[in-house]
Each structure stands twice: as C-alpha cells, then as structure tokens.
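Each chain is listed here by its residues.
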Amino acid sequence: MDKKKLGIMEIEPLVRDRYIQDEFNLIGKRGISRMCGKEKAGGRAEYTRDVQLPGMLYCRILPSPYAHAKIKSMNTEKAEALPGVRAVLRYDDPELADKPLYGLETKFNAGHLASDGQAFYHGKHELAVTLEQWKQGAGRVLDGVAWWEGHPVGAAVAADTPELATEALGLIEIEWEELPLVLDPLEALKPGAPLAAEEINNRNNIIRKLKVEHGDVEKGFKEADKVIKFDARRRPYTVADAEPMSDVIQWKGDNVEIWAHQQQAYDGKIIFGMKMGIPLNRIKLHVPYQGSQFGGGGNPMMHHTHGVHIISGILSKRTGRPVKTFYDRKDNFYNLSQDTDCHTSFKVGFKNDGTITSVKIDNICAKMGQYGIDHFEENTRIPNLALNYLEANINVAPAYWFRCEQNHNALCLSLVIDHVAAALGMDPVEVSLKNDGAEGRDMEYLSKFKVEHGFPDRDSLAEAIEMGKEAFDWDSKWHAPGTKMLPNGKLHGVGFTWDHEWDDTRGTACAGVLMHCDGTVDILSQKSDDGLNAMTTHCQIVAEEMGLKLADVNFRFFEEVGFQMMTPDGSCNLAVDAYCTRNAAREARQKLLEYATTPVKVLEIEYPAAFPEHHPDDLDVKDSIVYLKANPDKNVPVAEVVKRAVLNQGGTRAPLFTWNWHRQGRYGTEEGRHRLTRQAYFAEVEVDPETGGVDVKTIVNINDVGKAISPETCEGQQYGGDYMGVGRALAEEVIYDPKTGVKLNANLIDYKVFTMRDIDETVNLLLETGMGYGPYGLNGIGECIATIVPGVIGNAIYNAIGERVDDHPMTPDKVLAAIEKAKAKRGDVK
Amino acid sequence: MVQKHQDDGGGKKITLKINDNEYSMVIEPHWTLREVIHDKLGLTGTKEMCDKGACGSCTVIMDGRPILSCMTLAIECEGRKIETVENLEVVGNPLVEAYADNHAMQCGYCTPGFVMTAKALLDRNPDPAVEQIKDALEGNICRCGTYPAHIDAVLDAAKRLEGGKK
Numbered sequence: 001m002d003k004k005k006l007g008i009m010e011i012e013p014l015v016r017d018r019y020i021q022d023e024f025n026l027i028g029k030r031g032i033s034r035m036c037g038k039e040k041a042g043g044r045a046e047y048t049r050d051v052q053l054p055g056m057l058y059c060r061i062l063p064s065p066y067a068h069a070k071i072k073s074m075n076t077e078k079a080e081a082l083p084g085v086r087a088v089l090r091y092d093d094p095e096l097a098d099k100p101l102y103g104l105e106t107k108f109n110a111g112h113l114a115s116d117g118q119a120f121y122h123g124k125h126e127l128a129v130t131l132e133q134w135k136q137g138a139g140r141v142l143d144g145v146a147w148w149e150g151h152p153v154g155a156a157v158a159a160d161t162p163e164l165a166t167e168a169l170g171l172i173e174i175e176w177e178e179l180p181l182v183l184d185p186l187e188a189l190k191p192g193a194p195l196a197a198e199e200i201n202n203r204n205n206i207i208r209k210l211k212v213e214h215g216d217v218e219k220g221f222k223e224a225d226k227v228i229k230f231d232a233r234r235r236p237y238t239v240a241d242a243e244p245m246s247d248v249i250q251w252k253g254d255n256v257e258i259w260a261h262q263q264q265a266y267d268g269k270i271i272f273g274m275k276m277g278i279p280l281n282r283i284k285l286h287v288p289y290q291g292s293q294f295g296g297g298g299n300p301m302m303h304h305t306h307g308v309h310i311i312s313g314i315l316s317k318r319t320g321r322p323v324k325t326f327y328d329r330k331d332n333f334y335n336l337s338q339d340t341d342c343h344t345s346f347k348v349g350f351k352n353d354g355t356i357t358s359v360k361i362d363n364i365c366a367k368m369g370q371y372g373i374d375h376f377e378e379n380t381r382i383p384n385l386a387l388n389y390l391e392a393n394i395n396v397a398p399a400y401w402f403r404c405e406q407n408h409n410a411l412c413l414s415l416v417i418d419h420v421a422a423a424l425g426m427d428p429v430e431v432s433l434k435n436d437g438a439e440g441r442d443m444e445y446l447s448k449f450k451v452e453h454g455f456p457d458r459d460s461l462a463e464a465i466e467m468g469k470e471a472f473d474w475d476s477k478w479h480a481p482g483t484k485m486l487p488n489g490k491l492h493g494v495g496f497t498w499d500h501e502w503d504d505t506r507g508t509a510c511a512g513v514l515m516h517c518d519g520t521v522d523i524l525s526q527k528s529d530d531g532l533n534a535m536t537t538h539c540q541i542v543a544e545e546m547g548l549k550l551a552d553v554n555f556r557f558f559e560e561v562g563f564q565m566m567t568p569d570g571s572c573n574l575a576v577d578a579y580c581t582r583n584a585a586r587e588a589r590q591k592l593l594e595y596a597t598t599p600v601k602v603l604e605i606e607y608p609a610a611f612p613e614h615h616p617d618d619l620d621v622k623d624s625i626v627y628l629k630a631n632p633d634k635n636v637p638v639a640e641v642v643k644r645a646v647l648n649q650g651g652t653r654a655p656l657f658t659w660n661w662h663r664q665g666r667y668g669t670e671e672g673r674h675r676l677t678r679q680a681y682f683a684e685v686e687v688d689p690e691t692g693g694v695d696v697k698t699i700v701n702i703n704d705v706g707k708a709i710s711p712e713t714c715e716g717q718q719y720g721g722d723y724m725g726v727g728r729a730l731a732e733e734v735i736y737d738p739k740t741g742v743k744l745n746a747n748l749i750d751y752k753v754f755t756m757r758d759i760d761e762t763v764n765l766l767l768e769t770g771m772g773y774g775p776y777g778l779n780g781i782g783e784c785i786a787t788i789v790p791g792v793i794g795n796a797i798y799n800a801i802g803e804r805v806d807d808h809p810m811t812p813d814k815v816l817a818a819i820e821k822a823k824a825k826r827g828d829v830k
Numbered sequence: 001m002v003q004k005h006q007d008d009g010g011g012k013k014i015t016l017k018i019n020d021n022e023y024s025m026v027i028e029p030h031w032t033l034r035e036v037i038h039d040k041l042g043l044t045g046t047k048e049m050c051d052k053g054a055c056g057s058c059t060v061i062m063d064g065r066p067i068l069s070c071m072t073l074a075i076e077c078e079g080r081k082i083e084t085v086e087n088l089e090v091v092g093n094p095l096v097e098a099y100a101d102n103h104a105m106q107c108g109y110c111t112p113g114f115v116m117t118a119k120a121l122l123d124r125n126p127d128p129a130v131e132q133i134k135d136a137l138e139g140n141i142c143r144c145g146t147y148p149a150h151i152d153a154v155l156d157a158a159k160r161l162e163g164g165k166k
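These protein sequence lines are chains A and B, in that order. Under the working numbering, the first residue of the first sequence carries the number 1, and numbering increases by one thereafter. Under the working numbering, the first residue of the second sequence carries the number 1, and numbering increases by one thereafter.
Keep in mind that the hints are not guaranteed to be accurate.
DSBU-like cross-link-like pairs, simulated, lysine-lysine; straight-line CA separation at most 35 Å [what the hints assert, rightly or not]:
| id | chain 1 | residue 1 | chain 2 | residue 2 |
| --- | --- | --- | --- | --- |
| 1 | B | Lys40 | A | Lys622 |
| 2 | A | Lys5 | B | Lys40 |
| 3 | B | Lys81 | B | Lys159 |
| 4 | A | Lys752 | B | Lys134 |
| 5 | A | Lys469 | A | Lys347 |
| 6 | A | Lys330 | B | Lys13 |
| 7 | A | Lys814 | A | Lys469 |
| 8 | B | Lys13 | A | Lys752 |
| 9 | A | Lys78 | B | Lys81 |
| 10 | A | Lys5 | B | Lys17 |
| 11 | A | Lys190 | A | Lys226 |
| 12 | A | Lys477 | B | Lys52 |
| 13 | B | Lys52 | A | Lys38 |
| 14 | A | Lys825 | B | Lys159 |
| 15 | A | Lys78 | B | Lys12 |
| 16 | A | Lys330 | B | Lys159 |
| 17 | B | Lys159 | A | Lys29 |
| 18 | A | Lys469 | B | Lys134 |
| 19 | B | Lys17 | A | Lys78 |
| 20 | A | Lys78 | B | Lys159 |
| 21 | A | Lys209 | A | Lys622 |
| 22 | B | Lys40 | A | Lys317 |
Worth flagging that the hints you see were computed from the coordinates, not collected in a lab.
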C-alpha cells in the first residue's frame, strides 16, 4: 500500500500533518452525542469499584498511624482468627521479599520521586542519592517502615466482606518505634534536620538538585532598566478523584485476570507480570470506565496501582478466590498524588518597555517538584535564564504529576509577567506580547520556523488575546491595581495570563480498525477512559476517514487486545493516538474499495464484485454507501460490499483489518520542537474587604487547540478546568498537623472541591490555527486549564487589592492580610 | 480471643421497594442503603464517592425526595418507595439522553447522582428556572467540573418533558 498516496506521514516529529481537509462531515461538528453518555448518565457504566465476582474477597491494607515510624513487632493472630478472614499478608512474608514498590520495567522508569515526563530533558539534574537507592524508591509493596501518616504498611487482610477486612485490621497488634519527622522542605534542608527516609538517603533529605542556565543572567540584570525580587509559595493540593481506588485480581492456575482502575493499565500489567513472574500472555487485562484520575492516579508505579495489584495477586493466589483490594475515601487522600509544596524566589530584570532581559529562579520543592523555569525556556524570547532547584524529602504523602506536571512552570511564568507589568504600570497583555517567543528567540524567528516546517504562519497569542479582549471587554474593564471599589463595597479586579497550549505528552500508540461482514467497524485498542470523550472522538475520525455513518463505528476500549493507546486522550495524547486511528482508517477505506472492485469466492461459488468494471479510484464512500464518483446513482451499501468478503469462514479474502502505530516526538519535552499554539485567560473577581472572600465572576478561556475534533469536549475541558483551577487558587490545600504530620482534611467535607456556585460564568472560546503537531493540526487541551487558572485568579486578586497574595491557595486570611498591607502602604490605616 | 462476626443476630428481614420491584432480604442494622443497593442488589449506578454525605454521588429518590443513600440506614427504609438511576431509561425519562446530548459528564462517576437530583427536581417542578436548577444541584460534587453542562441538560430534559406532554 502506498502510504504516501494516502497522505500517511512518516515519523518526522517536526513535520506537522499536511493533510487538512477544508470540509468535514463529522470532525469538528457540534451536536454529536457522547457515545458513552447514556451508559454513564443511566448508571449502566461499569467502574472497577462496581466489579463483583463470585466468591470475591475484599482486601484492606493497614494505614500507618504515624508520619514516620518503624514496626518493631506485629501480632496478626487475632486478625487471622476472625471468622470470615481468609488471608493475612504480612510485610515479613517471603512473597514480599523481592517486591519493590516501584517497577522499572516500563517507560516510567525515572524512579518514584521524579517520574515526571520532563525529568531528564535537561540532562543536568543531579541525584543526591545513589542509583540503587533511587531504584529502591519507596521500599517494598508492603514494608515495616512508614514514611508518612497513612502509608500502607505492615499487613493486608482479605476477608469475606469489606467490613470484616476493616475490623480485622483493628485486631492487628503492632509495637511501633516512632521516629522524628520533618514536614517542611525548608526545614528538611537545614543541617541536623531529621531524616525523612534514611533508607533512601542517610546523609540528608536532598533528593535532586538541578541547575539550568541560558545566556548570562548577571549580564541581563545589568542591561535591565529595572530589577525586582519577589517570593511565591504554592502549597500542596490533591487529586480528590471521584472513584476511590480499587483493583480486582483473579488468579486461576497459570492464568491471571486483572480489573484495573489505572490510567496506564498496560504498564501496570507489565510491572505486575515481571514482579510476579507471570508471562504477559497469561494475564488478561480489563480496564473498565475510570472515575477520574487527572494523572494523579496515573503513575503505574504507585501504591494504588502497582502496589494493590501485587497485594491482590498474592492474596488471590493464596486463597484461590478473586480479591478486590480497595481504598476508602481516606486511603485515597493518603496515597494518590498530591501536588508538591514549593517555595520559589524570583529575580527579574526588564526594560521600561516591558521587554524582560533576565529571570533567575531559586526553587525548593518537596518530594517530586516542578522546576519553574521551563515555560520561560519554551515560550519566551527572554535570553538570560537561570534556575537553582532543590528537591527535599519530607514525611508527607507522595507527590507526582497531577493535572499536571506543568503547574509550577505555568504559575512562575504568570507571576513574572504580572509582576513586571505591575512594576511598570503596564497592561499585562502588552508585557506578554512583548516577551512571547521560543527558546530565547522572537516571533520573527518563529514565523520563519512555521513557514519552513509547513505550518500556517499565525500569531496564536495575538489572536487569542484579540478574541479574549473582545469577549471580556478587557480594555474598558482593566484598571490600575487597587483602584476600583464597586457599589456593593467589594474590590473589583481583573487579571490576565497566558501560556503555550499543551503538546507535552508524546510517545507511541497503536490501534486497529476491523470491519465486520455487516459493514460495521470496531476500533481495536485498549485505553483508559478518563472522561475525555475518546470513544466518540476516535469514532468520528474513523467514520470521517472511511466515509461511514458514525453509528457504524464503535470503540469499546475496555479490554486489552494487543494494541494500546496513550491515556488520557484529548488531553495531550490525542495528538499521538489520533494518528493511529486516522491512518488505519485511511488504509481500511482503501481496502474496502479494492474489495468493491474485485470478485469474491466463497467455497466454489464466485460472486461478482459490487463494481466489477471499475477501479478503486473511481469510487468513494459516504454515509456507509459506496458510490461511483462519476455517477453517484450507482451505489451499493458498505454492508452489501463486504457481506461475503470478510470474516466469512468459507471466504477467500483476508479480514478487512488494518492497523497503525505512531510515534510522536520523544517522551518529554524537546529542544527545537517549538510550541506554536497559545492559550490566554481573562478573569474578573470581586474581593470582599470585610471577609477576604473572593467571588469569581467571569473567566474567559481562549485555547488554540489547533483543530477541535469535538468542540463540546474541548469546552468541557475549559469550564471543567476552570472549576478545578479556581478551587486550587482559593481553597484546595492538604493540611497536616505540624506536630504529628497527621493529615487533617482527608475527606470531601474538609477538603474543598469547588461546586456549581463557585464561579458565576465561564466563557469558552476555541481558536483553531492548525498549528498543533497532531493530525489535522490538532493539539491537546485537557491538562492546561486547571494548571493555569490559579495564575489568572491571583493576578485578578492583585488587581483588586493592589497587593500580591503570592501564596496559593489564596484563602481569606491571606487576602485580608494583603488588604491590610495595601491600606498601610496607602496610608489608610488610622 | 475476640470472635465478633457481622452476622451476630442483628439482622432483620424486611422488604425494600425499589424501582417497582420488591426485594425481601435480611438487612444488618448498620448497612447503609447505598451498600444494599450497590453491593447486595447490584444496582451499581448508585455510586460510592465520599461515603460521608458530602458529594451526592449516591443520591436516590425516596418518597419523591432526593436522599443520600450513604447516610441512610437500609433497615429504616421498609415500605418506602425508592427509585434508582437504573429506572430512568426503563420509564423513558428524557434526562439520560439529554445528559448525553449535552455532554453533561466527563468521567461519569458522579453523573447518576446529579441525574437523580435533577429527576427529583423535575418531578416537582417540570419547568425550572436556571437558579432553581442551581439550587437543586449545588450540593453535588463533580471533580471534572462539568457544572455548566448540567444546567443545559436539565433545561433540555424539561423541554423534552414538555414536548412529550403535548
């Protein structure tokens, strides 16, 4: 098959899709119902939490009551004797001796403390621990040492009911040795600080160091008209996902079945297979609907995925019964990802016209941090950049990516632009446009790059700003900081921020397209549904490319079929995954037309071709009907064309099946592969000077998604991300008791997830410049909104008060303190 | 040695009326209605999220009112008329389709709780204003943040109900 003729691109990560149709029947169309919608709204969608098998046992794991402690002795006799308890797995059982928690068998091999996609991009990081300690990660799946309160340690119990499993945990008698703990990354780095995990690092609490320097920052400060310094803090927030974690494993002789609530479920299977010594072709993987994870439940090396698999597996093997290991809501708070605690200091030099000459960032983070410099490197023309990064271990729950690993990078860019605008008394929109670029180079360079690589030469940020300004009425609403009080007595503020549109998660994916003898199509690939409407999106693409009705294509991605896609989809990975479905569909369409023009033999009977006198090039397909281009009245339904040709036992034709794989860039970020699309945000807030409460009136999102396959899905990510982002800006914070390290708000009442009333209005605008690296020129959207919105809310609060609250979340106490500070500066205080 | 067991005599045989079916079963006094509906009867549309009365994912309709089944003891529900999300498509309620058409879900885990809350609203007010929809749904948590789409879906369903009457 001539791939060139079909417009299927080779693996050239820098070359965009050159095939953009002007007109689509299904792609980009509104009004297409979610294919999973009725199942989900009608309660028929099955999640791992819902899976029940005959004879299934329920397993719970002991959470550590201490933030740092060792088990001196443990007596499980009473738990074992409780009627209904079928097995107790102890940390000192031989099955666990060789079961480190974090597997290194998959692409996620960066170790547990820094497994973000970007970790090794810079190539300048320095591990403060040995590689062996690094690999050792968090010890074993079940260990005798706890590094945070709630750490799954000591024992796991499998019993007939969930209640019995919980009751049995309470009967386990443990003598603990409490160890000194450290909860603050700054404290942790001081000489003589308690060691947070001496098993990983017995000298100090440093995990990772990183230095980045581009240009000469000192020279840049000298060239500047003005130099400012400021500090910012971002406190940890957590996933608080919808479906509490669980898995089900059924061990039957030589074969194992897994039901996984896991974003990269196949990677989880690989780790499980390797650790348990089971060949991968003996493991059947089911991945039901996923009750949201946002990446925070995505890491296949974490306890809630890899850890529970090993525990369920061992206990199922022991008991001969299926085992569901489950977390309750509190366990979920303890073991899924929380975003890291960051202390960041900035020094910024700039010209009087808003051109930034130099940025220096000193950043100290807990657990797995985020550097903070990346978006200056990737999206600005700022020539001089420096980063000093230190990562400290502390005795709190794990930190990993969580919608997403760019949180701190996005906030740092937002803060610097807004601080510079404030220092100059300029509109932040102007400062943003002054500094937009890539890797220290300006828009002129980017224009040349776009033209050279076949992209449309459009200025994404300028276009996004124009759209947003108009929708928001920015020019009339913008005012100098701290200068507008409304008739209702509240302080009025507006904010702006921007960033590149996400194109981060690149990698590989594969998928098959199989047509049945009734003309309907199955897309074959396993992926985890994270709510990004991948089912409909890929069906739209395949139906579009094959000329089929949407109803004739289905994508039930719940079973492992040998092909895997990346997850989540629509977030970033659609830029990878959609190449597979699109390319496979194009080849399948070509095969279909070949079948339509050649006779088929079933046993001894030869049936004529549907279009015997014609060549495939004479034909086209629309609405599941093959027709002669020269004479559309001559047409045959697809089902009629293939009814004898495919999947017929007596037939002489191979199945109408095609498959494709695609590699999109390398994993992580890449120099020279510039981000071309941008996103911009405008927000309006009212701050109550009496209570410090912040009302979010409007957020206008403008996202250049390159090309929207499903506009409603993209908009869902926009307003959905707004709610999460505003929650992070104003309320979401994991709070620990400073003396004991006990988590104080591990439930959905005290941990504030924002609801319907928390934003008055979101306006969701899509820009489609076609400058994404994905097929049809598309880009991701899902991760970026919640990541960037805290920045725009902070800028709007500053505009209202006239004083910064650069300590997220910006809770009423901090807002009130800033208001007082602003009053004192103005001389209002009597 | 402690020899406690869950079936230590506290159970009581009662009949639960759910979606026009009657289920006679022995209920332990501490079992919540959510556990019984989801775990024992396999009506898995009634979801466990917070297990603490904070999120609304386990909402069912009892005697016409939306209630949190995780905060309700099943043993107290004898004789009550209980409706779960699975009943909506059976009776042809337009909410399910309106939710799908308006993309009023992402991961979908909390969606049945919203749908049942909306159903209870439309049962008593078939033509709600936007503010009334917000009043009804503001207690439900959707971590994906799909809130604006719920307004559209409920208004759409109300329109379809109206159309059905004509």
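Cross-check of the supplied hints:
1. B:Lys40 / A:Lys622: Status violated; Cα separation ~48 Å.
2. A:Lys5 / B:Lys40: 57 Å, violated
3. B:Lys81 / B:Lys159: Roughly 27 Å separates the two Cα atoms, so the pair holds.
4. A:Lys752 / B:Lys134: Between lysine 752 of chain A and lysine 134 of chain B the Cα gap is close to 18 Å, so the pair holds against 35 Å.
5. A:Lys469 / A:Lys347: With Cα atoms ~30 Å apart, lysine 469 of chain A and lysine 347 of chain A stay inside 35 Å; holds.
6. A:Lys330 / B:Lys13: Judged against 35 Å, a Cα distance of about 32 Å means the pair holds.
7. A:Lys814 / A:Lys469: 29 Å, holds
8. B:Lys13 / A:Lys752: 40 Å, violated
9. A:Lys78 / B:Lys81: 42 Å, violated
10. A:Lys5 / B:Lys17: 63 Å, violated
11. A:Lys190 / A:Lys226: Measuring from Cα to Cα gives roughly 33 Å; hence the hint holds.
12. A:Lys477 / B:Lys52: 43 Å, violated
13. B:Lys52 / A:Lys38: The given pair, whose Cα atoms are some 27 Å apart, holds under the 35 Å limit.
14. A:Lys825 / B:Lys159: Judged against 35 Å, a Cα distance of about 56 Å means the pair is violated.
15. A:Lys78 / B:Lys12: 28 Å, holds
16. A:Lys330 / B:Lys159: 41 Å, violated
17. B:Lys159 / A:Lys29: 23 Å, holds
18. A:Lys469 / B:Lys134: Since the Cα atoms of lysine 469 of chain A and lysine 134 of chain B sit roughly 29 Å apart, the hinted pair holds (cutoff 35 Å).
19. B:Lys17 / A:Lys78: Between lysine 17 of chain B and lysine 78 of chain A the Cα gap is close to 40 Å, so the pair fails against 35 Å, i.e. violated.
20. A:Lys78 / B:Lys159: Given pair lysine 78 of chain A, lysine 159 of chain B is violated - Cα atoms ~60 Å apart, limit 35 Å.
21. A:Lys209 / A:Lys622: 58 Å, violated
22. B:Lys40 / A:Lys317: 25 Å, holds
Hints 1, 2, 8, 9, 10, 12, 14, 16, 19, 20 and 21, counting from the list given before, are not met by this structure.
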